[in-house]
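S.K.: With the hints as a guide, bring both chains together as one complex.
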Amino acid sequence: MNEIADILANPAFWAAVLRIATPLILGTLGVLLCERAGVLHLGIEGIMVAGALGGWLAVYHGASLWGGMACAAVVGALFGLLHAALTVGLALSQHVCGLGITLLATALSYFSYRLAFGQVSTPPTIQPFAPMAWLGIPVLDEQTAPTLLALVLVPLMGWLLMRTPLGLALRMVGENPQAAESQGVPVLRLRTGAIVAGSALMGMAGAFLTLSAFNAFYFNMVNGRGWICVALVVFASWRPGKALLGALLFAFFDALQLRLQQAGDAALPYQLYLMLPYALSILALVLVARKAAYPQALMKPYRKGER
Amino acid sequence: MRLERRTRSSPLAIAAASLGAVVFTLLVSAVLVAAAGAPVGRTYALLLQGGFGSVFAWSETLTRAVPLIFTGLAAAVAFRARLFNIGAEGQLYAGALAAVAVGGMHDGSGLDWPIWLLFPAMLAAAALAGALLLLGPALMKSRLGVDEVVTTLLLNFIVLLGVSALLDGPMKDPTAMGWPQSVALQDGLSLSQLWPQTRLHTGLIGGCALAAGLWLVLKRARLGFDIRAVGANSRAAAFAGVPVTRTVVLVAMLSGALAGLGGAVEVAGRTGYLTLDMSPGYGYTGIVIAMLAALHPLGVVAAAVFTAGVLVGADSMSRAIGVPSSIADVIVATSLLAVLVASLLAQYRIRLKG
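If you read the sequences in order, they're chains A and B.
Per this note's numbering, numbering of the first sequence is gapless, rising by one per residue and ending at 329.
Per this note's numbering, numbering of the second sequence is gapless, rising by one per residue and ending at 350.
It should be emphasised that the hints constitute simulated quantities derived from the structure, not laboratory data.
Fair warning: there could be bad hints in the mix.
[Claimed, not checked] Over the 10 Å line for every Cβ pair with chain B, so calculated as not near, a few chain A residues:
id, residue
1, Ser86
2, Leu170
3, Val218
4, Met243
5, Gln318
[As the list claims (entries may be wrong)] Here chain A is said to cover these stretches of chain B; the calculated rule only asks that three of the stretch's residues, wherever they fall, bring their Cβ under 8 Å from a Cβ of chain A:
id, segment
6, 28 to 36
7, 129 to 142
8, 279 to 292
9, 304 to 310
10, 333 to 341
[To be verified] Anything over 12 Å on all C-beta distances counts as not near chain A; from chain B, calculated:
id, residue
11, Ala9
12, Ile10
13, Leu22
14, Val51
15, Ala208
16, Leu210
17, Leu212
18, Arg218
19, Phe235
20, Arg266
21, Ala324
No residue lacks a Cβ here, since even glycine has one placed at the ideal position from N, Cα and C.
Bound-form chain B, shown alone (with noise of 0.2 Å):
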C-alpha cells in the first residue's frame, strides 16, 4: 500500500471527506448506543435537541462554546507555527487566577480603581499570565530544543496544583463556608447577559472577534506570513530571513495569551469566581477543536459550537435514556481521527499495489 499525492484535490472530494468522516463517527457511536441498550435514533435525537433544539438549549451550548473559543484560538495560532502548545489548560487557570488576582474582592475590599479603568487591567494581567507561563516552555524549545509538548504538559499539572494551593491558602474566600474558592470579582466586573433568562454572556462577543481579528492577522499581517514559514519549514524560513526564535516567541505569548484571555471571560462571564473545577478539560478539547477547524481562526468558531453542542446535547439525552455521557468525548474524539484521515484522503490517494 502507498499514498500518492493527488495533482489536484477537487472541492468535491474534501466535501465528500468531510461528509465521511461525519458518517463514520455517526456510525460507530450508535455502536456504542446499542450496546447501552438504547434506541439509537431517538438517543440522537434526544442528543442533537439537548445541544440545539430550543433557545435554551442554544444558549447552553453558546455559553459552553466560549471557553472553547479561546482556547481553540490558542491551540489553532500555535500549531500553525509548529508550536505544539498542550498548556491551554494550565494557561487557562493561570489567566482565571491573574483575574481574580487584579479584580477580585480582598478582604472585602480590592483594587480601588473605576471599572473603566480595573476592567482592562484584569483581562490585560490574565493575559499576560497566560503568556508568560507559555513563554518558559517556548525559550526552552528555541534556546535549548526541550520538546514543548512535554513541558507544556507537564507544567498543567503544576497550574493546577499551585491554584489549588491558593485557594486553599491566601486566595481563599474567607466567607466561602471552608470550599476552596477564591474571592468573588468586584461589582460591575462581571461580564453582562446577551440573552435574558439564559448564561449565556457577553464573551461570545469577544471570542468571535478574536478569531475574526486573528484571521486578519494570520491572512494580512506580517506576522502571519513568518508564523506560516516557520510553520512550514523553520530552516528554510531562517534561511530566508525569517526571524524564527522571534516568531515563535511572539506565537507563543500571542498563543498563551488567548487561552489566558478565555480563563478570565470564564470567571467574569459565568461564575465570578474561581473554583478547581472551572474547566473539564476546556484546553485539551481546544486542541481537537483547532484540528477539527483545520487550524482556521473561523473555522475554530464553529467547531467550538458544534463540540458545545455535544458536550451539552449528551447531557441532557444522558439523563433523558440513560446513555453515558462519555457518549460525547467518544464522539468528539472519533470526529477529530476521523476528519484526519479524510483530510488526508482529500490530498492523496492510496494505491494497494505499489
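Same shape as in the complex, but just chain A (with noise of 0.2 Å):
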C-alpha cells in the first residue's frame, strides 16, 4: 500500500496518466461523434495503425509535426468516407464493414512500412512534440501540444452536439432517421459527414503514438486501445464528458500496472496487472449496462422508404 501512495505523489506519475489518456480521448471523441449519428464504426483499430503511419511517414519525408497530424487526419478521414460508403451508402452490416477496414487498414499501413523501409531492424526516427515546458503547470508543463489539443476538443464536442442546430439534426438522425428524414434533415450527409469527420479523429489518435508518445511507428504499437476507445464510449454513455473521464480512468490504472510492475517484487505475474484496464472496462460495460441510454438507431442501416 505504501508503494502505491508513493506512486500516487509522484507528478510524473499524473503526467503518464494524461499522455496514456491523450489518444484515448482522440479515438472516443471519434467513435462517439460516429456512433451518435447512428453508426458503429469497428474500423478505428485499423485507422489508428494508419495514422499512426501516415503522420509519421509525413513528418520523416519533411512535413512539420502538424503537417503530420493534419496527414494523419486525412488518412483516418479516407478510411472513414470508405466506411461510410459501404455502411451509409450502402447499408452494409456495420460489424462486419468496421472489422473489414480494421483488417485492411491495418494490412496496408504494414505493407507499406515494408515498402519504404524493407526488412530494418531499428525503425528510424524522427524528432517528436516536445513537452508544453513554457506553460508553467506542473502535469500539464510535461504533456505535448496534441495533448492540449485532445482536451479542448472534449468541451467543443459537448457543444457541438448538445447546443447547436448541428448537433441536435446529428442526434436525431442516430435516434429516429425517418423522423429526421420527415423534417427535411438530410440523413445520408449527416452520417456520411460524422463519420468522416470521426474517422479524422482516429487517424491523429493513432499519430499521437508516432509524432508525440514514441518518435518511430512498431509493428502492433496500437495494441487494442482502438477497442479499448469502442468501450469507452458505452462506459461514457456517449456523452464527451464522461468520455474524458474514461480515458482517464483507463489511463490511470494503465499507469498504475506499469509502475506497479516496475517496483513490484513480482508476487504477481505482470500479466495480472495489465489485464486489469480490460477487466475493468468489462465491469464498467456491466455496470452502466442498466441505464445506458444507446442512440436508439445505432447499427442500424437507414434505407430510405425502407422500414
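M.R.: Right, dumping it as C-alpha cells:
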C-alpha cells in the first residue's frame, strides 16, 4: 500500500496518466461522434494504425509535426469515407464493414511500411513534439500540444452535440432517422459527415503515438487501444465529458500497472496487472448497462423508403 | 442515389457479382504489387503456385485451413443468430490451454488414463473451455443488454494475457530452456498424419465433418430453425414462441465450443504443445471467412481453403520476389468488402435519381 501512495504522490505518474489518456480521448471522441449519428465504427483499430504510419511518414519525409497530424487526419477521413460509403450509402452491416476496414487499414499500413523500409532491424526515428514547458503548470507542462488539443476538443464536442442545431440534427439522425428525414434533415449526408470527421479524429489518435508518445512506427503499436475506445464510448453513455473521465480512469490503471510492475516484488505475474484495464472495462460496461441510453438507431442501417 | 430491392435475384446476377468482387480485388492488389515494383503477372503466378501449385503447397494450405475452418464455423453459427462473437481468438487459446491441461505430461506424467478415454476427454475439455468463455458475454447480452462485440473483444486480451501468465508459471514446460511454452501432450494424443512427409493431419477431416454436421443441424433441426428465427427478428421470434434467451445461450455454447475445439486440434495436430504465437489471428480471420461463405457451413470450408491458400502463397511469393507478405491480408480484407458489396448488388439495384 505504501508503494501505491508513493506512486500517487509523484507528479510524473500523473503526467503519464494524461499522456496515456490522450490517444484514448481523441479516439473515443471519434467513435462517439459516429455512434451519436447512429453508426458503429469498428474500423478505429485499423484507422489508428494507418494514422500512426501516415502522420509519421509525412514527418519523416520533411513535413512539420502539425503537417503530420493533418496528414493522419486525412488518412483517417479517407478510410472513414470508405466506411460511410459501405454502411451509409449501401447500408451494409456496420459490424462487418468496420472489422473489414480494420483489417484493410492495418494490412495496408504494414505493407507500406515494409515497402518503404524493407526488413530494417531498428526503425528510423523522427524528432517528436516537445513538452510544453512554457506553460508552467505542473503535470500539464510535461505534455505535448496534441494533448492540449484533445482536452480542448472535449468541451467543444459537447457544445457541438448539445448546444448547436447541427448537433441536434446529428443526434436526431442517430435516434430516429425516419423522423429526421421527414423534418427535412439530410440523414445520409449527416451520417457521412459524422463518420468522416470521427475517422479523422481516430487517425490523429494514432498519430499521437508516433509523433508524441514515441518517435517511430512499430508493428502492433496500437495494440487494442482502438477497441478500448469503443468500450469507453459505452462507458461514457455517449457523453464527451464522461468520455474524458473514462479515458483518464483507464489511463490511470494502465499507468498504475506499469509502475507496480517496475516496483513490484513479483508477487503477482505482471500479466495480471496488464489485464486490469480490460477487466475493468468489462466491469464498467456491466455497471452502466442498466441505464445505458443507446442511440436508438445505432447499428440499424437506414434505407430511404424502407422500414 | 437510392437502393431498390430487386423483385428477384437471378442466379446469373449473383454469379456475376461474385466474379466482379474477385476481379475487383485482383485489380486493387495489382496496384499495390506494381507500387512494390514487381511484375504483376509473375507475382500472381507465384502466389497461386505457392498456395495451390504442388502437392506440398496443397498440404501446407490445407494444414493452415484447419484452424480457420473451426473459427469460421464458430463465427458463422453465432452470426446467424446475430450473436456477434468477435472472441474466437480467445476461445481458440482457451481450448488449446484446456487441451494441454488435460492431455499434457505434467512433471513427466499426466493423467493416467487410457488413450481412448483421454483423447475424448481432451477434446471435451477444450470445447467446454471455449463454450464457457462465450457464456459470460452471451448472458450479459441477453440479461443485461451489454453489447457482446465489445465484451468478446476485450476478453481476447484477457485470455491471451492469462495464457501468457500460465505459460510463464504453472503451465510452463520445465524442460523448455526458459522458453514460455506449455508441457507437451502425452504420446498417442497427437492427430495422425493425413499425407506422408507433410504436416497435414486428420484435423482436416474433423473440421469438414463438423461443417457437414452443422449444415444438417441448421437445415433440419429445431435448433436451426430457432437460430434463423432469432437472427431474422428476435422480437418476432419471441412472439412466435421461440425461446430466444435459450437459443442465444445454446448458440454461444456451440460457437465457443467450435473455436475451443479448433485450439485443441491445432495443438494435437501441429505443434504438440501450446505457445503464445500459436495463432496469427485465426479468430479474427474466421469472421472474414464466415462472411465470405455467406454464413454457410459448407461454404466456410471452401472459404477457409481459399484464404489459407492466399496466406501460404503470399509467404512463398514474398520469399521469392520480395513483395511484402502483408499483401495477403490486403487481399483477404478487400475480398471481404468486395463480396459484401457484390452480395448487396445481387439483391438491390442502385437508382441514381430517386
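S.K.: Failing hints, ascending?
M.R.: Hints 9 and 21 are the ones this structure does not satisfy, whereas the remaining hints hold.
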